[in-house]
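There are 2 protein chains.
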Amino acid sequence: MAAAKGPRRPRAETPKGFRDWFGAEVTERNAMLARIAAVYDRWGFDALETSAVETVEALGKFLPDIDRPNAGVFAWQEEAVPGGGSGDWLALRYDMTAPLARVAAQYRNDLPTPYRRYAMGPVWRNEKPGPGRFRQFTQCDADTVGSASPASDAEIVAMLAEALEAAGIARGDYVVRVNDRRVLNGVLARMVPDSLADNDIGQSVVKAMRSVSEQHFSNEDILRTIDKFDKVGEQGVIELLTDGRKDASGAFIEGLGLFEWQATEVVAFLTSKGSTNTETLSNLKQLVGDDNEGVAALGAIASLLATMGLGEDRVIIDPSVVRGLGYYTGPVFEAELTFEILDDKGHKRQFGSVAGGGRYDDLVERFTGQKVPATGVSIGVDRLLSALRAKGRIGQDQATGPVVVTVMDRDRMGDYLAMANDLRAAGIRAEVYLGNPKNFGAQMKYADRRNSPLAIIQGSDEAARGVVQVKDLVLGAALAAGASLEEWKDRPAQAEVPRADLVARVRAMLEQAP
Amino acid sequence: MAAAKGPRRPRAETPKGFRDWFGAEVTERNAMLARIAAVYDRWGFDALETSAVETVEALGKFLPDIDRPNAGVFAWQEEAVPGGGSGDWLALRYDMTAPLARVAAQYRNDLPTPYRRYAMGPVWRNEKPGPGRFRQFTQCDADTVGSASPASDAEIVAMLAEALEAAGIARGDYVVRVNDRRVLNGVLARMVPDSLADNDIGQSVVKAMRSVSEQHFSNEDILRTIDKFDKVGEQGVIELLTDGRKDASGAFIEGLGLFEWQATEVVAFLTSKGSTNTETLSNLKQLVGDDNEGVAALGAIASLLATMGLGEDRVIIDPSVVRGLGYYTGPVFEAELTFEILDDKGHKRQFGSVAGGGRYDDLVERFTGQKVPATGVSIGVDRLLSALRAKGRIGQDQATGPVVVTVMDRDRMGDYLAMANDLRAAGIRAEVYLGNPKNFGAQMKYADRRNSPLAIIQGSDEAARGVVQVKDLVLGAALAAGASLEEWKDRPAQAEVPRADLVARVRAMLEQAP
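Protein chains in written order, with the numbering used here: chain A, 170 to 683; chain B, 170 to 683.
Extracted from the complex, chain A is given alone in its bound form:
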C-alpha cells in the first residue's frame, strides 16, 4: 500500500479546448497583425478594443451552433447587488461584431458617422473541444457602421484583399467570394408566392409542407443547410433540404421537409455562378427577377470593385456563399485560399476559408430601436497563420537565439552579467546562464536548447589575462551534423579576444553567420 498522501496537487493542464502559444507563435502572430493593422489604418479605420466581458443580453444569440450549452458562450452570473436585484449574467465575447454593435449604440453621440473601426484580439466559444479545435482563438475585424451604401461593402472587400496580401498571401493564392442573402430570400419567397402565402389556402400549403417533417424550419435552417454545400455537395444539400441524409459515419441527419422541387430551386441558386460576374448576375436575375435588392447590390459592388482595380481573379460573385451567422441581412463575403495543402492524413485539399463577413443592418437597432446599417469582415488569424506556415512564408528559419554567457566561476557572476549587458547595449540579444553552473556540459546543452549562435566563456585563467573565449555554436552544430571543415575553413570554432574587444568580435562573428 502506498504511503499516506498529502493534499491532492492541482493538475498542471490547460482547461480542455484551450492552449498556450510559445515564442515565435506569439511574435509571428503579432507581426502579422501589425501589418494588417497598418492596412486598416491607411483605409481610415480606427482601432477599438472592447473588454473581453459583455453582458449576455448585449451579446445576443447569433451563434450558428445554437444547440450547445449556454448557447455557445462562457457565461456566469454576477453576485447579487446588496439591496438590489439579482446580478447580471456576464459572458466572454464570442466575436467582435456583437461588442461593436453595443459600442455603436452606447457611444452613438460621440462617434463619427459612419464609424470605421478595426479590432484584434481573442474571442471565446463554448464548443465541444476537438483535435485542432480550440475554444479561444484570435480574430482581426474591420467594420463600417452607419453606411448603407454598397460602396462600404465594396470597400471592406477591397481592403480585405489588401490585408491578405499584406499578411503574406500572394495575389492568385486567394479569392474573395461575394453573395447577397436577399437573393436567397428571393428564391425562398418564390417557393411560396405572395398570392398564396397571403391567403388561407397558401398558409395551409406552407403548414402542410412543414408538417412533412414535423419541423418548423426557417430561412435560417435553410441557410445553415446551404452552408454545408462545400462539404456534402449538390445531392447532399438536396437530401438535407428534403427527407434527410445518412452521413459518412452512418448517422442519419433529419431533413428540413421541403418538397423536391423546392430543394432543386435552392440548388439551382447555389450553382448559378457563371464564368464571369456578368453571367452570374444574369443567371440570378432569371432566378429571382429584375427587382431583387440583393442582385442590385451585387451588381453595384462588382462595378465599384472593378473601378478600384480589383479583377475577377481576386473577387467574384458566388451564390454558394451564405455564411453561418444569423445576423447578416445583405451582402456576405468569404475569403478563400486557393492553394492545396496536405491534411493530417497526407491528402491534398484546398486550404479553404480564412475570412468572412457581411452586412448586418439590424444589430445596432437591437439596442436603440433605430436602423443603423453596418458591414464588416473578420479574419480568422490562427487559420491565416497556419496557411502562411504551410506556404513557408513564416516560421521557416528558426529565430536566432541569444548569445549565452556561460558561468565558470560562481563568484564572478557580476562580471558575466556585465558582459551580457555590454552585448545588449550594442543591440545584441544576450543572456547569462542562470542554472547551476557546476556542470559545463549542461551549460552547452542549454545554449543548444536556446538555439544560441555563440557562447562566451571566461574561466579564472582567462579572467586573470583579461580575455574571453567566444565559441561558435553554429559551426559546432554543423560539424556535428557532418559538414566538412573545408567549408568552414575561414571560420574558427573558437576565438580568444581581449575582454575589451568582446562586443566587436561577437558582432563580427554574428555577421559572418550564414
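These are computed hints drawn from the structure, not numbers from a lab.
Incorrect hints may appear among the rest.
Simulated crosslink set (DSSO-like; lysine-lysine; CA at most 30 Å straight-line) [as the list claims (entries may be wrong)]:
1) B:230 <-> A:185
2) A:297 <-> B:230
3) A:607 <-> B:540
4) A:540 <-> B:607
5) B:185 <-> A:540
6) B:185 <-> A:230
7) A:185 <-> B:185
8) B:400 <-> B:454
9) B:297 <-> A:230
Residues on chain B that point at chain A, a partial pick, calculated with CB under 10 Å [as the list claims (entries may be wrong)]:
10) 192
11) 210
12) 215
13) 225
14) 226
15) 280
16) 295
17) 323
18) 537
Glycine included, every Cβ here is placed at the ideal spot set by N, Cα and C.
Since the structure of chain A is already known, use the hints to place chain B on it.
Coordinates of chain B only, in the frame set by chain A:
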C-alpha cells in the same frame, strides 16, 4: 399612459467595472508594449501567451483581497461531462504568474532550464468596481523560472529599469525599491523566540497574544498591514498591528492584536532604510542578525546591480516594500515613479507604483511537488500609460486623421473610391465619405470630426474638366480659431489640380503642414 411596448431592448452598456479603449488609447499602448517587448527579447526572454481561461485549481488562491466573492476571480463551472463527473471550475486569469507556474509544470520536460519568458495581455479581477478602478487591465510580465541565484533577481530588476526607460520614463523619474520577505520573517521570528515557540509555554504565550483580538493573524495579515505603510504612516501601522484604527471616514478597522513592543519592532524594520544601501544592510543585520538569508540576498543583489552599472539613484534597498501577494518567498521589488502629478482634486501627489514583483519559489511546486525557484516582475500597463500621458510623453499631438474624399455626385462613387485608392497606394491615409452625401456641410463636419488635414472635392463640373479641388482643413480650422491670413499667406486654402496630379499635390500639402 405609454403605448404598449415591444420586447425590452438590451442595454448598450459595458458591464460594471469594464471599459472600452478607442483609437490612440489602443495604438499608443501597443506601441509602448512593443518597445518593452524589444527590451525583454534582447535580454533573452521568450514570448509566451497563455489562454485567458484556467482551471480554478491551477490558479490557486493568492489574491490579497481574499474576502471578495469567488476569491476575487470570475469563475464558472463547465457542463458535466456525459457519463463523467461534474464539470471543472474554470476562471479568467487574475495575473500572469499563476499561469506561468502552470506552464512551467506542464511543459517542464520541453522548456529550457532556466526558462525566461515575457507575457503581455489582459487579466481580470472580480473586485468591486469604482471610479478609475477596472476589472480588466493589462499586465506586462517577465519572469525567470528555474534559477535560485540572486543574479536572476538582479537581472529582473535591471531589466525592469531598462524597460521603464524604453517605455519613456526618464532616468531620475523612477526608482526600483528592493526588499526581501525573509528579513521580515526574521523580525517576526524574533518576536516569539524559537526557544519559546517550540515548547508548551511558548505556544501558550502565542495563543495568549492572539486571543487579545480573538483573531488568528498570520504573517500574511501582518504583510497586508505593512503594505498600507505608504497610506497610513508609522502610527497607523502601529494601530493596525495592535488595537485597531479609525480611518478617515470614521470607520473602525480592527487591529491584529500584537503587543505594542512587537508592533514597534515591525515599524523599526519598516523604517530601517539608511541613506545608502550599505547603511540599510547594516541596520537590517542589527535587527535580525548576520545569518538572515534575506539580508544576504539583498547584499548580493545590490552588489550585482552595482557591477551592472545601476546606481542607487535607480535601485535602492527599502525595507518598507512588502508587496501584497501571498506567494512571494524572498526578494520583492517595486518600481515607483518619483515625480508629482495632480490628482482628481487638483492636489499634488507622488505618482507611485507602476510595477512590482519578487521571488516565488513555491508556486511551481504546488503542481509537481518539486522545488522550482522562480522570480519575476509585472508592469501595470495602464498606470504606466497614464504616467506617460501625465508627463506629456504620449498623446500630446492628436494623431492626424485621414484625407477625406467627399462625395458630390452619388453616381460617381467608383471615381471617389479610386481617388482614395490612389492616395493609399502612395502611403497616405485616406477614406471616402460613406454617409448620406446630399448635405455637403455634413461631410465637412465629418472631416472635422475625423481630424482630417485635407478634403478632396470633385463635382460634375470638375469631373468634366478632369480636375479636383484639394481643400486645406487645417488652415480652415486655424482661421476659424482667429489666426491671421498673414501667417498663412504662402498656403492657399484650396487648390484646383488636374486629377492626375492629385497624389503629388496632396503629398506636398501634407508635408507643408506645421
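Cross-check of the supplied hints:
no.	hint	verdict
1	B:230 <-> A:185	holds (21 Å)
2	A:297 <-> B:230	holds (28 Å)
3	A:607 <-> B:540	holds (19 Å)
4	A:540 <-> B:607	holds (19 Å)
5	B:185 <-> A:540	holds (27 Å)
6	B:185 <-> A:230	holds (21 Å)
7	A:185 <-> B:185	holds (29 Å)
8	B:400 <-> B:454	holds (27 Å)
9	B:297 <-> A:230	holds (28 Å)
10	192	holds (5 Å)
11	210	holds (6 Å)
12	215	holds (4 Å)
13	225	holds (9 Å)
14	226	holds (4 Å)
15	280	holds (9 Å)
16	295	holds (8 Å)
17	323	holds (7 Å)
18	537	holds (7 Å)
Of the hints listed earlier, there is not a single one the structure fails to meet.
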